[in-house]
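Novice: Sequence:
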Amino acid sequence: MNRFISKAVTFVTMILMLTAAVMPVGAVGDEGEALSLLPKPVLSEIAVFSGKFELKLENPDDYDKETVFEIAVDGEKTSSSTIEKLASNKYVFEITGGRSYFAPETLHTVRVKASAEGAASEWSDVFSAVTAEKTVYYAAKGRTYYRQAKNGLTEAGQLPDAGYFTAVLCNAYGENCEGKNKKTDPAKYILITEGEYKGCCISVSEVRRKTEAQVSAAAPAKPKLTEAFNSADKLGVGISNLSDYRKGTVFNVYVGGKKLKTVKLAAVKRDGYISVYSDPDSYLKKKTKYKITVEAVSRQISTKASKTFTTGSTTYFSLKKGITVYTLKNGKFVSDGKTGYDTFGEGVRTDAAGKTIAGKSAGTVTGVYVKLTGGDYKGCYVKASSVSRTTEKVTKMMTRQYKINKVVAYAMANVGGAYVSCGERYRATDCSGLTMLAYRQIGVSLPHSAYGQMLLGKRVSASEMQPGDIIVANGWNHAMMYVGNGMVVHAMNWRDGIRMQSASTAMYYNPVNCIVRII
642 MNRFISKAVT
652 FVTMILMLTA
662 AVMPVGAVGD
672 EGEALSLLPK
682 PVLSEIAVFS
692 GKFELKLENP
702 DDYDKETVFE
712 IAVDGEKTSS
722 STIEKLASNK
732 YVFEITGGRS
742 YFAPETLHTV
752 RVKASAEGAA
762 SEWSDVFSAV
772 TAEKTVYYAA
782 KGRTYYRQAK
792 NGLTEAGQLP
802 DAGYFTAVLC
812 NAYGENCEGK
822 NKKTDPAKYI
832 LITEGEYKGC
842 CISVSEVRRK
852 TEAQVSAAAP
862 AKPKLTEAFN
872 SADKLGVGIS
882 NLSDYRKGTV
892 FNVYVGGKKL
902 KTVKLAAVKR
912 DGYISVYSDP
922 DSYLKKKTKY
932 KITVEAVSRQ
942 ISTKASKTFT
952 TGSTTYFSLK
962 KGITVYTLKN
972 GKFVSDGKTG
982 YDTFGEGVRT
992 DAAGKTIAGK
1002 SAGTVTGVYV
1012 KLTGGDYKGC
1022 YVKASSVSRT
1032 TEKVTKMMTR
1042 QYKINKVVAY
1052 AMANVGGAYV
1062 SCGERYRATD
1072 CSGLTMLAYR
1082 QIGVSLPHSA
1092 YGQMLLGKRV
1102 SASEMQPGDI
1112 IVANGWNHAM
1122 MYVGNGMVVH
1132 AMNWRDGIRM
1142 QSASTAMYYN
1152 PVNCIVRII
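Here our numbering = 1-based position in the sequence shown + 641.
Don't read these hints as lab results, they were simulated from the structure.
Warning: the hint list may mix true and false statements.
As the list claims (entries may be wrong) - Ranges between beta-carbon positions, derived for each pair:
#, residue 1, residue 2, range
1, 949, 1027, 18 to 26 Å
2, 827, 858, 50 to 58 Å
3, 858, 1042, 44 to 52 Å
4, 898, 858, 26 to 34 Å
5, 979, 801, 46 to 54 Å
6, 730, 759, 22 to 30 Å
7, 973, 1143, 52 to 60 Å
As the list claims (entries may be wrong) - Listed below are the simulated DSSO-like cross-link pairs for lysine-lysine, each with C-alpha atoms no more than 27 Å apart in a straight line:
#, residue 1, residue 2
8, 1024, 1012
9, 900, 1001
10, 863, 823
11, 900, 863
From a predicted model like this one, the values you see are computed outputs, not experimental measurements.
For every residue, glycine included, the Cβ atom is placed at its ideal position computed from N, Cα and C.
Using the sequences and the hints given, assemble the complete structure.
Specialist: Next comes the structure, spelled out in structure tokens:
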């Protein structure tokens, strides 16, 4: 019942205000006033703010330079303006209220009358509108901002960049004066109500109100989110339109609706993506969907975009030569030597006790080790700080390169060894035995026969030849390994043994029947 009565009173109040506005205003015009010889002012709306209306005079050419305009707000004369003053403001009336400043989301009426040398116009048609919920102001770079203190406001610094700020009018003490008396609470500053500078004040002389359209036009572009990569415990969120953002832009990152962190534009450009290891509460879990929201903030205006990403089933790590490898014994990590070469492997992050951290509290648990679940060091641990993540694609590509390097290194280590027909020992083998033994180092089984080896793998041309490729020549009877830089290694004969030669020199084993790529 009380709600119904309140709504009824509000409705009646609005009707009375509109009725008072269309009736002659006693304070500004009586029956004895001059005849209406001047054209009636025609008004149009430009903008409505929380504490201000901007109305444009559409027929300024109907008036001479002596014309004065009387302004009535909510049925009461509040101010006046000359045509010359209006001209300097592009014929825009700035209406901030009557005796009191407008309050947000309140209904008001405005009428204007022109007069000059004893002549007057009729009152304009009634303009009525509800003030906006909030107002956005623009302040240039370097403007001074203040904070509230015991005896008023105290200088806090200068804006490092231009910005758009949601704010209300306030007095010299930083107190909101919207809806309050203009004489007792004159507006000297704006009080910022949102964002990084919430609670700060800027002089009204150093800011400009902005319309919703103007703010939208100045807003940063909406982030276009892409998946840079995914692993079991980390997501790489890319932004494909980074070139759309101005210097100083930052990105707020949210996971599941909760803010995770803020990242600078320069950092995203450097890394190529935004790293997401956890939501605000816990580390990511494998094969799990997460809603990622990225909010671009520039000059205190923001736009955001969301996309659902799914973590992978595996995390791949790159291990450099010489890093310490550990085993877990009786709950303690014990050094077990160092890696002998660059390699890769799958793994999971663990805490200092060797327990996986996936899904656990990001605030209380730290991933200090990686347990390797695949690769040459499977079952071992390494410190998380000593390895780096990589993608499955890169891992496969680099793993192949690592394998090729191992094959080539073995072949070259045999240089100077003896040619032994049907031999299958290090530095004691024949031509196809050398290539067979080299590929055995990476777990690839080849037949001990040049002809048998040429039946495997992929045929390539001489121009496509890469290290590790096998050259079969001399009527399918001789095998050589290309090791790069125009060189081959092969077991030649009883007299010359195993040598490294220029590929062009070795071609005397004509004809070259084919070139085979094994992996």
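Novice: Next pair to validate is residue 900 with residue 863; report whether the Cα-Cα distance is within 27 Å.
Specialist: Distance of about 18 Å is within 27 Å: holds.
Novice: With respect to the beta-carbon atoms only, verify the hint that residue 730 and residue 759 lie 22 to 30 Å apart.
Specialist: holds, 26 Å
Novice: Using the beta carbons of residue 898 and residue 858, state whether their distance is inside 26 to 34 Å or not.
Specialist: holds, 28 Å
Novice: Kindly confirm whether 44 to 52 Å is satisfied by the beta carbon distance between residue 858 and residue 1042.
Specialist: holds, 50 Å
Novice: Below or equal to 27 Å on CA atoms is what counts here, so check residue 1024 against residue 1012.
Specialist: holds, 9 Å
Novice: Is it true that the C-beta distance of residue 827 to residue 858 lies inside 50 to 58 Å, as the hint says?
Specialist: violated, 32 Å
Novice: Straight-line Cα separation of residue 900 and residue 1001 no greater than 27 Å?
Specialist: Since the Cα atoms of residue 900 and residue 1001 sit roughly 18 Å apart, the hinted pair holds (cutoff 27 Å).
Novice: Taking only the CA atoms, is the gap from residue 863 to residue 823 under or equal to 27 Å?
Specialist: The hint is violated at about 41 Å.
Novice: Is 18 to 26 Å respected by the C-beta to C-beta distance linking residue 949 and residue 1027?
Specialist: For residue 1027 against residue 949, whose Cβ atoms are near 33 Å apart, the range 18 to 26 Å is violated.
Novice: Is it true that the C-beta distance of residue 979 to residue 801 lies inside 46 to 54 Å, as the hint says?
Specialist: holds, 47 Å
Novice: Just tell me: holds or violated, for the beta carbon distance of residue 973 and residue 1143 against 52 to 60 Å?
Specialist: Hint holds: Cβ distance 55 Å, inside 52 to 60 Å.
In the structure shown, a violation is registered for the earlier hints numbered 1, 2, 10, in ascending order.
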